[in-house]
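So the protein lines, in turn, are chains A and B.
The numbering used here runs 1 ahead of the 1-based position in the first sequence.
The numbering used here runs 1 ahead of the 1-based position in the second sequence.
You may find that some hints are simply not true.
[Claimed, not checked] Calculated cross-link-like contacts (lysine-lysine; reagent style DSSO-like; alpha-carbon spacing at most 27 Å):
(1) B/K75 / A/K265
(2) A/K169 / A/K482
(3) B/K75 / A/K260
(4) A/K232 / B/K27
(5) A/K453 / B/K24
(6) B/K27 / A/K453
(7) B/K27 / A/K140
(8) B/K24 / B/K75
(9) A/K453 / A/K268
(10) B/K75 / B/K7
(11) A/K232 / A/K37
(12) B/K75 / A/K232
These aren't lab readings, by the way, just hints derived from the structure by calculation.
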Amino acid sequence: MKRSPKPSAPSAGDLLVKLFSPAGHTLFSHTRWFGKRPAVIDDQGSMLTYESLDHLCLAQAVRLIPGQVALLLCANTLDCLIFYLACHRAYAVPLLMPADLGSEQVRRLCEHYHPAVIFCATARPDLEALLPGLGRPGKFLLTHWRYEQAHPDLRLLLSTSGSTGALKTVRLSAQNLESNANSIISYLQLDGRERALTVLPMHYSYGLSVIHTTLLSGGILLMTTHSLMQKQFWDFASEYGATSLSGVPYTYTMLERLKNPWQKLPKLTTLCQAGGALSVPAIRRVGRLCEESGRRFFVMYGQTEASPRLSYVPPSRCVEKAGSIGIPIPGVSMSIEEGELVCRGENIALGYAENSADLLLGDDFQGVLYTGDLGFADDEGYFYLTARRNRFVKLYGNRVSLDECERLLTERFPQLVSACVGMDDRLVICREGKGADGAVPEVKSVQSAELKRYLSRTLGLNAKAFLVCEFDTLPRTSSGKLAYAQLMAALEDQA
Amino acid sequence: MDNLEKYTQAFCEAFEVEPEQAKNLKYQDIPAWDSVGHMGLISCLEDAFDIVMDPADIIELGSFDLGRTMLRDKYGVQL
Numbered sequence: 002m003k004r005s006p007k008p009s010a011p012s013a014g015d016l017l018v019k020l021f022s023p024a025g026h027t028l029f030s031h032t033r034w035f036g037k038r039p040a041v042i043d044d045q046g047s048m049l050t051y052e053s054l055d056h057l058c059l060a061q062a063v064r065l066i067p068g069q070v071a072l073l074l075c076a077n078t079l080d081c082l083i084f085y086l087a088c089h090r091a092y093a094v095p096l097l098m099p100a101d102l103g104s105e106q107v108r109r110l111c112e113h114y115h116p117a118v119i120f121c122a123t124a125r126p127d128l129e130a131l132l133p134g135l136g137r138p139g140k141f142l143l144t145h146w147r148y149e150q151a152h153p154d155l156r157l158l159l160s161t162s163g164s165t166g167a168l169k170t171v172r173l174s175a176q177n178l179e180s181n182a183n184s185i186i187s188y189l190q191l192d193g194r195e196r197a198l199t200v201l202p203m204h205y206s207y208g209l210s211v212i213h214t215t216l217l218s219g220g221i222l223l224m225t226t227h228s229l230m231q232k233q234f235w236d237f238a239s240e241y242g243a244t245s246l247s248g249v250p251y252t253y254t255m256l257e258r259l260k261n262p263w264q265k266l267p268k269l270t271t272l273c274q275a276g277g278a279l280s281v282p283a284i285r286r287v288g289r290l291c292e293e294s295g296r297r298f299f300v301m302y303g304q305t306e307a308s309p310r311l312s313y314v315p316p317s318r319c320v321e322k323a324g325s326i327g328i329p330i331p332g333v334s335m336s337i338e339e340g341e342l343v344c345r346g347e348n349i350a351l352g353y354a355e356n357s358a359d360l361l362l363g364d365d366f367q368g369v370l371y372t373g374d375l376g377f378a379d380d381e382g383y384f385y386l387t388a389r390r391n392r393f394v395k396l397y398g399n400r401v402s403l404d405e406c407e408r409l410l411t412e413r414f415p416q417l418v419s420a421c422v423g424m425d426d427r428l429v430i431c432r433e434g435k436g437a438d439g440a441v442p443e444v445k446s447v448q449s450a451e452l453k454r455y456l457s458r459t460l461g462l463n464a465k466a467f468l469v470c471e472f473d474t475l476p477r478t479s480s481g482k483l484a485y486a487q488l489m490a491a492l493e494d495q496a
Numbered sequence: 002m003d004n005l006e007k008y009t010q011a012f013c014e015a016f017e018v019e020p021e022q023a024k025n026l027k028y029q030d031i032p033a034w035d036s037v038g039h040m041g042l043i044s045c046l047e048d049a050f051d052i053v054m055d056p057a058d059i060i061e062l063g064s065f066d067l068g069r070t071m072l073r074d075k076y077g078v079q080l
């Protein structure tokens, strides 16, 4: 008679075996079987095979302990990629944030999530003053938090709002990430021939999914820190034969401004767009150019809470269905419930976290995501979005919470009365007090330019995304709450 | 305002910097000169000198000095 092993939590010994034995399976460990095929090429001309990527990753993994939180202040560099993969290899929990996240935001994150390790893409001497007891200065910093228990399924923490360093994060499991990556690989028909350019940052769920799907399908990641407004980017793309490019709506605005330079790259045959709605005329223009030249243009929709992809428009229907977020990706089902888009699938996150205690939580969402997007489906099953239930604005593909911005402003300028609203792709800061009779001097002395600069710096987004509007008093409801509808109407009158 | 002042002004406007700082700038030197800021700079330059810049030049304009030579040699702006 066969005896089945008793299920129990893995001991330290088991984990060591898992780390070092070729049979041990973690999220990316099996990519080592792609062996001597190139995995990554960066813009310094460095190339790593899957085998060497695996060795470098193991070398880092031994420095990490299962269940530890590792804060990555990351950029699209080989170093960061290796460290990120090492976290998965060691069953540590990476928390991804942009490399230039402000000191104050880093401090707040640390106090809430207790990372044992901070890995910085670029040296951050400012952090040493901020966090007492940091290990030797460099890219790899040890904090005084040593070991925190996390739920065994927890594999990744991503910010809900792209780049803002907001405290709220999404808890993702290996199953979430793997099922979503496999689904994307299937509908994009990725194979080992893919050479994907990293246009989007790694801490952004969409940028990260490009990394996941490329590595899991045995393709080559072309990692660059240059932007597509730089000649170096296009030289790199052409030299290494890039086959695909993924961008947010603003990426396509820039590409169109440059007269779509991808047309000069014969090997670049796949273009993807997600991260907010691209205008219908722009979808049609890019879609037609792709159709004419035998390329594929994928318009897609997702949310960080869905690891992140939820739906896509097959390229053959792109022009005709412009404005739609498409049909569910394999393994996802979508429905409209009381006007709201609701999605179900293995890719739906475990839930949210706001501090280290939350990391022990299990599967709160149970595979169901209420997207907060209102919409409908046409008779062919293509979904369309009409409005958002919650207060968010998309700035260059980053979902920015308006409530979070208001909180940031109040915290930094306690005397100031302000409200944030979204207009098209800009965030409007509505402020009270300037010039109004009886305004306290402290309020007057807060310059509008300062507000703009503060949000731009804190959120790491270009100042062009922000506008300041001055009001004598902000409109309020009878209960004293800000009347956002009235505020929007007033702004539209001004514009 | 002479052309050099107009040219410098475009940088000041696009990146919200002082003229002195503008004169030494290169792409990605400051957070404001990212891809979004670059789009803004190009619009400012095109408006200031009533020109339409070629995409190949847009992606090559990587510093204050480079742009100055470029506008002079390729767009006939006296700089």
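Numbers of the earlier hints that this structure fails to satisfy, in rising order: 9, 11
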